[in-house]
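Chemist: Take a look at the letters that make up each chain.
Protein chains: 4
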Amino acid sequence: MAAVNASSEAGLAPVGIALVGYGYWGPNLARNFHSLAGSDLRYVVDSNAQALAAPQRLFGCATSTDYADVLADPAVAAVAIATPARTHFTLAAAALRAGKHVLVEKPLTMDVGEAQVLIDLAAERNLTLMVGHVFEYNPAVRYIRAAIEAGELGDIYYLYSRRVNLGRVQSDINALWSIAPHDISIALYVLNALPEAVRCQGSRCLNGQVEDVIFLTLYFPGNIICHIHASWLDPSKTREMTVVGSRKMIVYDDVSTEGKVRVYDKGAFRKGDVTYGDFQYKLHSGDILIPRLDMREPLQEECAHFLECIRSGQRPLTDGENGLRVLQVLAASQQSLESDGAKVALGAA
Amino acid sequence: MAAVNASSEAGLAPVGIALVGYGYWGPNLARNFHSLAGSDLRYVVDSNAQALAAPQRLFGCATSTDYADVLADPAVAAVAIATPARTHFTLAAAALRAGKHVLVEKPLTMDVGEAQVLIDLAAERNLTLMVGHVFEYNPAVRYIRAAIEAGELGDIYYLYSRRVNLGRVQSDINALWSIAPHDISIALYVLNALPEAVRCQGSRCLNGQVEDVIFLTLYFPGNIICHIHASWLDPSKTREMTVVGSRKMIVYDDVSTEGKVRVYDKGAFRKGDVTYGDFQYKLHSGDILIPRLDMREPLQEECAHFLECIRSGQRPLTDGENGLRVLQVLAASQQSLESDGAKVALGAA
Amino acid sequence: MAAVNASSEAGLAPVGIALVGYGYWGPNLARNFHSLAGSDLRYVVDSNAQALAAPQRLFGCATSTDYADVLADPAVAAVAIATPARTHFTLAAAALRAGKHVLVEKPLTMDVGEAQVLIDLAAERNLTLMVGHVFEYNPAVRYIRAAIEAGELGDIYYLYSRRVNLGRVQSDINALWSIAPHDISIALYVLNALPEAVRCQGSRCLNGQVEDVIFLTLYFPGNIICHIHASWLDPSKTREMTVVGSRKMIVYDDVSTEGKVRVYDKGAFRKGDVTYGDFQYKLHSGDILIPRLDMREPLQEECAHFLECIRSGQRPLTDGENGLRVLQVLAASQQSLESDGAKVALGAA
Amino acid sequence: MAAVNASSEAGLAPVGIALVGYGYWGPNLARNFHSLAGSDLRYVVDSNAQALAAPQRLFGCATSTDYADVLADPAVAAVAIATPARTHFTLAAAALRAGKHVLVEKPLTMDVGEAQVLIDLAAERNLTLMVGHVFEYNPAVRYIRAAIEAGELGDIYYLYSRRVNLGRVQSDINALWSIAPHDISIALYVLNALPEAVRCQGSRCLNGQVEDVIFLTLYFPGNIICHIHASWLDPSKTREMTVVGSRKMIVYDDVSTEGKVRVYDKGAFRKGDVTYGDFQYKLHSGDILIPRLDMREPLQEECAHFLECIRSGQRPLTDGENGLRVLQVLAASQQSLESDGAKVALGAA
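So the protein lines, in turn, are chains X, C, W and G.
In this text, residue positions in the first sequence follow this note's numbering: the first is 21, and each later residue adds one.
In this text, residue positions in the second sequence follow this note's numbering: the first is 21, and each later residue adds one.
In this text, residue positions in the third sequence follow this note's numbering: the first is 21, and each later residue adds one.
In this text, residue positions in the fourth sequence follow this note's numbering: the first is 21, and each later residue adds one.
It should be emphasised that the hints constitute simulated quantities derived from the structure, not laboratory data.
Watch out, some of these pointers could steer you wrong.
[What the hints assert, rightly or not] Taking CB as the label site, the calculated pair distances span:
{"id": "1", "chain 1": "W", "residue 1": "N212", "chain 2": "X", "residue 2": "D285", "range": "29 to 39 Å"}
{"id": "2", "chain 1": "X", "residue 1": "R267", "chain 2": "W", "residue 2": "M315", "range": "15 to 25 Å"}
{"id": "3", "chain 1": "G", "residue 1": "A74", "chain 2": "X", "residue 2": "D314", "range": "12 to 22 Å"}
[What the hints assert, rightly or not] Heads up, simulated DMTMM-like pairs for lysine to aspartate or glutamate below, C-alpha to C-alpha not over 20 Å straight-line:
{"id": "4", "chain 1": "C", "residue 1": "K257", "chain 2": "W", "residue 2": "D274"}
{"id": "5", "chain 1": "G", "residue 1": "K257", "chain 2": "W", "residue 2": "E144"}
{"id": "6", "chain 1": "G", "residue 1": "K268", "chain 2": "C", "residue 2": "E216"}
{"id": "7", "chain 1": "X", "residue 1": "K257", "chain 2": "C", "residue 2": "D307"}
{"id": "8", "chain 1": "W", "residue 1": "K268", "chain 2": "W", "residue 2": "E172"}
{"id": "9", "chain 1": "X", "residue 1": "K257", "chain 2": "G", "residue 2": "D274"}
{"id": "10", "chain 1": "C", "residue 1": "K268", "chain 2": "G", "residue 2": "D273"}
{"id": "11", "chain 1": "C", "residue 1": "K363", "chain 2": "C", "residue 2": "D175"}
{"id": "12", "chain 1": "W", "residue 1": "K257", "chain 2": "G", "residue 2": "D273"}
{"id": "13", "chain 1": "W", "residue 1": "K257", "chain 2": "C", "residue 2": "D314"}
[Stated by the list, open to error] Not everything, but these chain W residues come out facing chain C in the computed CB check (under 10 Å):
{"id": "14", "residue": "N48"}
{"id": "15", "residue": "H54"}
{"id": "16", "residue": "A57"}
{"id": "17", "residue": "A69"}
{"id": "18", "residue": "Q70"}
{"id": "19", "residue": "L78"}
{"id": "20", "residue": "A82"}
{"id": "21", "residue": "Y163"}
{"id": "22", "residue": "R165"}
{"id": "23", "residue": "E169"}
{"id": "24", "residue": "S256"}
{"id": "25", "residue": "K257"}
{"id": "26", "residue": "V275"}
Don't be surprised by glycine CBs; every beta carbon is placed ideally from N, CA and C.
The whole structure should be built from the sequences, with the hints applied where relevant.
Modeler: Okay, structure coming up:
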């Protein structure tokens, strides 16, 4: 950590960063670590040499197909990993063992035990381990958590999320592992709770090997249901979460061009006409508020937070334990999926 | 059928209709049977005398709080029943026994056996028995069925429906029985198939007695999943169904003001860059077509079809068997709901 | 006013109404006067006998092709006129002379002088004369006026309106006279002011005789511009008005399904970076509020207000003078249209 | 043009580019010229030294506050100018005189005569002069032009455009010169014609010196009206153009997330009911098509086209004459604006 130690107040030398994996998401990390004042993107690594021409031209950084180059370079203080999920553990463990801080894209690993190994490695070496649950750095998601915590929504009844589009078809992991980590991360964060059990159903449409669409239910304490629908085989691009409370409701639409959060004042119950001896109630909506949210890019927030944690030693918001909790939900969900949708208690996986 | 036989001129006399139940939906039936040339709305019956002032003024028809008046009147050839679901069987059976044709709002009854009784009663007496699955008379729904039948969508992968709003809270029946019959009816109709099994989860938010929100999965032959989300406790009014096929996809948005059906041409698979030895495919969408649909009111179509069936003796599109099939799905779903979401095979209920 | 004097029971006898003109808009008036408790729809008159079958069946009222029948009937206290605009004056004058209260659809007449004649006739006979500027009974429009009056928007900078669709092509009057009266009525109402001058341009696309599309500018005191775009030859159905003030802005979208009024908090001016010695300011939007508005049908409000004015003798909100002011704007606009878009001062027409 | 001549291999050396002006739009040009394979961004120049830190870090290029540095550098083959409009002429003329190819942001200059000087300078020196009318490189705009040229829309009746937002308030130029050049450029391009006359009205809301909102009408040959509404003081971000033809209509919504172009099949005229002796026609819409458009960034297309023109010597699509035509429309519009909206013939300015 020579680079960081050689800091000076106003002041600090930028953190030397190596990015591993320049596929779908890697370019976004590279762009941010290149443009942030606190970091110095020194390496982009990809096993595919052809993928390296672009980052070389765009960022003027070193490139390599050999991860060992990065681990051996003392100027690299931190490694950002944006490779396929199944490689996360091996790459992250090697980086930690080489004394590098690590930012891993979601999911942290594919296995709960492996995640614990990474957590322990980072703790032993006093290194920052962070997982890229980028939505926890999103001002809309933070608004929802704050509203829930402040009691503005009243009791939480249920929430549901839909994250679908016509997009990248993956053949090595299913829609649960590829897409739903976002929704799980958001749900755990806004409710500040861990589900007790899960149930997951899915359908293999394209290649018969992985689920292209999944329907997932998280059972939180207090009878709060969170339902998640994720798919990469859908006509419309939707990224939407609804939280229904006893006082207010929130819809978070991440693709809205006008304002991503809408707060619905539910208004009072109104007793309707009595017909056939049966009481009927009618809910009616009240005012709707679209709050102004700060428009910073969540990924930039995440990257800046990673740099700040490296410098200060503070725990990241999305630290290894955070990634482990999401992973526990994923593992139980996968078990449910393989058991034809049986309910699976967390910890049983 | 004296009324019908006493035809004249163009030439048939209008069918004498009595409406039972002037609550939420009844006024719509009354308006249609009043305005259609082929019918004569003679009675509106409601146990609540106060509810009868409005139909009397609007339609100039007789009103009564006593159902027996209607059954005894030979000028009444047919009875339309828009009362709470738990009263459907008794009222419909009495009408059939009195020799009246019957249109019952959905669900046909609350019990599979009772539905069979109604079917048998109608058959014995050669009377028309029809259930008000109004969406099967909706041009958007018919467009979807035709597109599927013509193979335009290719193989059907899965479909899902969301029917939620902030609306009538019911205390005697849950969201499954109150709202989902529409989605079940549409799914069975467009796929022209019956599910093999179902799974239903729900949440009791408001009063602890009935589910205000349910998530229902229908398992159709051929590994086709249909997922249904229904709630009366939701900030946004949504009535949307998506059908995903191997060639095209359709979104039917019933609250859209521009065109309720969108047909998405899926375009070709596009092989993406090979990264980390893993093949990735990317789907991309093609043209979108919003077909012009005829704008007739589905309920008017339904009412006219009822009149036509009475006159001609043809079986209604949504006949008793149709209503029974929806009921079988509802019954199995209710059993799943009461079994904490266990999968329930149809016929096992 | 025999009918009204013969009050009874809850109190007053319903006002006997005759509707003249059962074409595009007449059915809506008939429906409301039929369903309102305070009125008794006794007649529907149309010169086309075939048009009368529907109202006879729907409302059970008398019908006639002879307007004289209505004028001679003492049970008719008021006449609602929904005929082509060029016939308004003759029909309304005859009704007033026969001692009937009169509701005329917009525009009141085609000529300023004729409008004054109607006003004078009503005043002399102490009769209610009302023009059907229905948007002044719309809760969204009233919200805007209240917000402006309360100073909530700050200084009004400008407003603009678009009212276009693919709809009824008229051959006797142009889009200015057919569509824009709504926007003019709204503008005069929300600003509570009369423009000093107007400018109108248009295009004759279909038949070369009347303008299918017009662009109209109203110059209000205080340098407030109101721009209106009206057309019946447009792909999208739009009914939208925007009011820009120094503190807040309002968009009123009459075809929105979520809430017709949006109030934009403009937020503070933010001084941007200084570049090239030039100060740049950047406006940024703040919270958006979608207020809950009462959902009553504006036309029902209008009809009830007409009945109330007849009973109480109060001046209608949209009285003859109101209709005359709109007409003055229309006449000046027509003169501008015929002068290739020259600016025309009000009163100069 | 040493840089270009020193071609090699695949074969050509990248074109050395200097960007002048790193304010609002400059960073977009810098990003593209940095990332395109055919160009080498060598300089970013801005009179504000503080603005230069960002491009230095992001692109690793030289920076300067002295334009003379660029003009003297033989490695700079071309200059891209993104400074305030009033500086365009001086900077562009100097670059051309120094033998550099020039890309100028819109508007080309503030004066017709100055534009002609630039055109002549470029012609004399055989240099590429291009103006950044970026929408002519937009696939949606190209689709519209192709549809018009192919006769798909039938006769063109009229078009209108709205380009408003709450954005950069300018104090040196008004909304006509700042925003409307886009709409004028699009209109001239899709119609492939020059207007005969213009009329422009506006309102000075904020500082009393420049118009924050303008309403502009272009009168094209064949009685085709194009109406343009531009403002930087508006609650909603709108970038929309509608073209109405006798056979079809197109709406181009640049902020739509689903597809930017919609083609409306107008359907047949339908003769309505005859009422009051007046024939009424009713238009009804037919199918709507949302064609798939290629999603390349228009600015990238523009930059690549500039490079290609430099290499090949071909005339740019948006060459100096193109920029001059837009300028002629702007100049006539400005004269109309200063004459209280009088109609001004093109060439009269």
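Chemist: Would you check the hint for K257(G) and E144(W), treating anything up to 20 Å between C-alpha atoms as holding?
Modeler: Measuring from Cα to Cα gives roughly 52 Å; hence the hint is violated.
Chemist: Let me know if the C-beta of K257(W) comes in closer than 10 Å to any C-beta of chain C, holds or violated.
Modeler: holds (7 Å)
Chemist: Go through the hint on R165(W) and say holds or violated, using the shortest Cβ distance to chain C against 10 Å.
Modeler: This interface hint is violated because 26 Å lies over the 10 Å limit.
Chemist: Classify the hint on V275(W) as holds or violated, based on whether any CB of chain C lies nearer than 10 Å to its CB.
Modeler: holds (6 Å)
Chemist: Have a go at the N48(W) hint: is there a Cβ in chain C nearer than 10 Å to its own Cβ?
Modeler: violated (14 Å)
Chemist: Given the proposed pairing of K268(G) with E216(C), does the C-alpha separation stay at or below 20 Å?
Modeler: violated (47 Å)
Chemist: Holds or violated: K268(W) with E172(W), Cα cutoff 20 Å?
Modeler: The hint holds at about 7 Å.
Chemist: Quick check on the hint: Y163(W) CB to chain C CB, less than 10 Å?
Modeler: Hint on Y163(W): violated, closest Cβ of chain C at ~21 Å, above 10 Å.
Chemist: Once the shortest beta carbon distance from S256(W) to chain C is found, is it less than 10 Å?
Modeler: holds (8 Å)
Chemist: Min Cβ distance, L78(W) to chain C: is it shorter than 10 Å?
Modeler: Since chain C brings a Cβ to about 6 Å from L78(W), closer than 10 Å, the hint holds.
Chemist: Need the status of pair K363(C), D175(C): alpha-carbon distance at most 20 Å?
Modeler: violated (25 Å)
Chemist: Just to be careful, I want the Cα atoms of K257(X) and D307(C) compared with a cutoff of 20 Å; is the pair within it?
Modeler: Judged against 20 Å, a Cα distance of about 15 Å means the pair holds.
Checked against the numbered hints above, the structure violates hints 5, 6, 10, 11, 14, 17, 18, 20, 21, 22, 23; every other hint is satisfied.
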